[in-house]
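Engineer: If you follow the hints, you should be able to join the two separate chains into one complex; please do so.
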Amino acid sequence: MTDETLARWWQEGSDAAFAELVGRFYGRIFNFLWHATGHREDAEDLTQETFLAAHRSIPRYQPARTFGPWLFGIARHTLADHWRRQRPCDELPPDFADPISTSENAPAAREERGSALWQQARRLKPRQFEALWLRYGEGFDIAGVARALGITRIHAKVLLFRARKELARRAGSGKGRTKGDRL
Amino acid sequence: MMACWISRLWLIRHADEYGATPPARLARHLAGCASCRAQREMHRNLATRLAATASHREPPPFLAARIVAAARAAAPYRRPAVSVHRLRWTGAVMIALTAGLSLWLAIRPAKTPRPVAAPLELAALVRETISRPMQLADQQRLTMVTRSLAQPLEQEWQRIQADANGAWHTLAADFTPSPAAP
Ligand SMILES: [Zn+2]
Chain A
1 MTDETLARWW QEGSDAAFAE LVGRFYGRIF NFLWHATGHR EDAEDLTQET FLAAHRSIPR
61 YQPARTFGPW LFGIARHTLA DHWRRQRPCD ELPPDFADPI STSENAPAAR EERGSALWQQ
121 ARRLKPRQFE ALWLRYGEGF DIAGVARALG ITRIHAKVLL FRARKELARR AGSGKGRTKG
181 DRL
Chain B
1 MMACWISRLW LIRHADEYGA TPPARLARHL AGCASCRAQR EMHRNLATRL AATASHREPP
61 PFLAARIVAA ARAAAPYRRP AVSVHRLRWT GAVMIALTAG LSLWLAIRPA KTPRPVAAPL
121 ELAALVRETI SRPMQLADQQ RLTMVTRSLA QPLEQEWQRI QADANGAWHT LAADFTPSPA
181 AP
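From first to last, the protein sequence lines stand for chains A and B.
This note's numbering puts the first residue of the first sequence at 1, with every later residue one more than the last.
This note's numbering puts the first residue of the second sequence at 1, with every later residue one more than the last.
Counterexamples of contact, computed for chain B against chain A with all Cβ distances above 10 Å:
| hint | residue |
| --- | --- |
| 1 | M2 |
| 2 | P23 |
| 3 | L97 |
| 4 | A164 |
| 5 | G166 |
Residues on chain B that point at chain A, a partial pick, calculated with CB under 10 Å:
| hint | residue |
| --- | --- |
| 6 | R13 |
| 7 | H14 |
| 8 | Q39 |
| 9 | E58 |
| 10 | P59 |
| 11 | A64 |
| 12 | A65 |
| 13 | V68 |
| 14 | R72 |
It should be emphasised that the hints constitute simulated quantities derived from the structure, not laboratory data.
Glycine residues also receive a C-beta, built at the ideal position from the N, C-alpha and C atoms.
The shape of chain B in the complex, shown without the other chains (with noise of 0.2 Å):
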């Protein structure tokens, strides 16, 4: 049979379970010692008495207004210092945003030129142009520009005068007293 002093060895380990069947060995031992059954009984009954009469009063409707406040006016909370834990997923947060910029940087489409670049600069040219005096490079760029529009303008003012020419010559010839009259 298991010697007392083991016994009591189990009965500390089981000493808090008092619903369960207590193992093979400490049950056949105390099936057969008075000793060691008075001892189980005795915590179980005391255990019992103290569950069942420990008596819970009502604290004082204040106090916990009480302790909010106190807390409050003894140390505003600060944030705790960052913890390892925290620290851990920040930096884990910052590696996966730096590899999401990374590859968006390296897929992502070509930049194509903005449509309103070319009205943009020729308006800035115009406004160059009629705000300071002309310079060489400036009458080279007009010409440029407007050498499209100048060109048919040209042709037409060269049509108009020959037009004028042959009227003139008509009238001319018309009203001009004949030298040969007798």
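So that you can see chain A by itself, here it is in the shape it has in the complex (with noise of 0.2 Å):
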């Protein structure tokens, strides 16, 4: 049964496609949102948050187009007002900071934030960590990526383009500006 059908079923009305979607997608969803805050507390809150804006928008939804990037261009849009109400001052939270620089470093602790590459994903811009989670946490294709982003399949790439650059020139690597490089 594809996720597409479900969801035409949801649209029908069927309470079992409903909680078999859920089943499907709560912890690709609630993942991407605990990475994208380091909060599980947080990343719970707004998967619930997710499917309850997901249950009243799915009259809109098309069947024709893949549900997995609908879904998570909704998570999208439920992170992006978690933030206007809880980082007003584009402060991180106490779970964001520089792994390299906190005395937190034990594994357990690094394993509770994830990999330090993403820890210093999440400090781009939430765009470009979107795109980026979603390309290679989430394995979307550029169509997919674009569809979650709502933004065309050229200006996904753009995207992903200048995060990879940026992490880069975070990460210290210094292979992420060099000469010439206007993009």
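Structural biologist: Have a look at this one:
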């Protein structure tokens, strides 16, 4: 049974189809939001908010389109609302502290926060982080990333390119900025 | 040779297709430009590392049930407003049904009277006749119905009467004393 078929049944009022889709996607949405926020409880609440928003929006879903990117698009909007409420000064929560400079660098704590590279990725602009997670965390193709972000494919490629470049620069590899680089 | 800024545009376009060989023009530029080659390698390596280190942790097991319960409590699902797509289909089905009904009405066999109609009519007439004072119109109708039966009975009765008269005359003749006896 495809996600899109279940979504169509959900549109037609099937409670079982909704429950099945929650079962299939709540872990993926939770991981996206957990990596984005760095807070487990926030991620749980935002996962729930995402599905409630999807429940309200399901009449507008077009079954011809892939369901995953549509749902991640809603998760992204939920996350944006969360940032507006939580981060008015664009200040990072404690979990976002640089793992290199923090004393909490034990393996368990690292596991809780994710890899150092992804912690750096979190500190990029939200849109850049989202593009990276959808592409490499979720494994979406460029079309899926574009749909989830509501942008064109070429825009998605540019966004990913810039995100990787900025990440490389921040990671201190020194390879992020080269002579003649104007992009 | 292609300028570096053009090469970067090509890199953006092909950065996510690492398996594929770069287009010939880009490949030629990369072969002769260390800076662009380093850029390409950096993007390729970073993409590989990001994919390899994206950790997925188990979500709390209660979360799915909590979400479903919250959705049920928050807003009992309402069927969506009829979409244009669905409306179009409904219209097509209605037109097809109307056309089919019209065709059937046009070509259906002519209605034949049911054979039970006449006996039922007669039974109703008899019931009416015995349940209320008979009127002139009813008498006429009853006469019409029973005429075929009444005529043979009348003829039979006349024959019986004729026979009885004949027998009476014969008996009377046998038992009557002769008036001319001296
Ligand atoms: Zn170059």
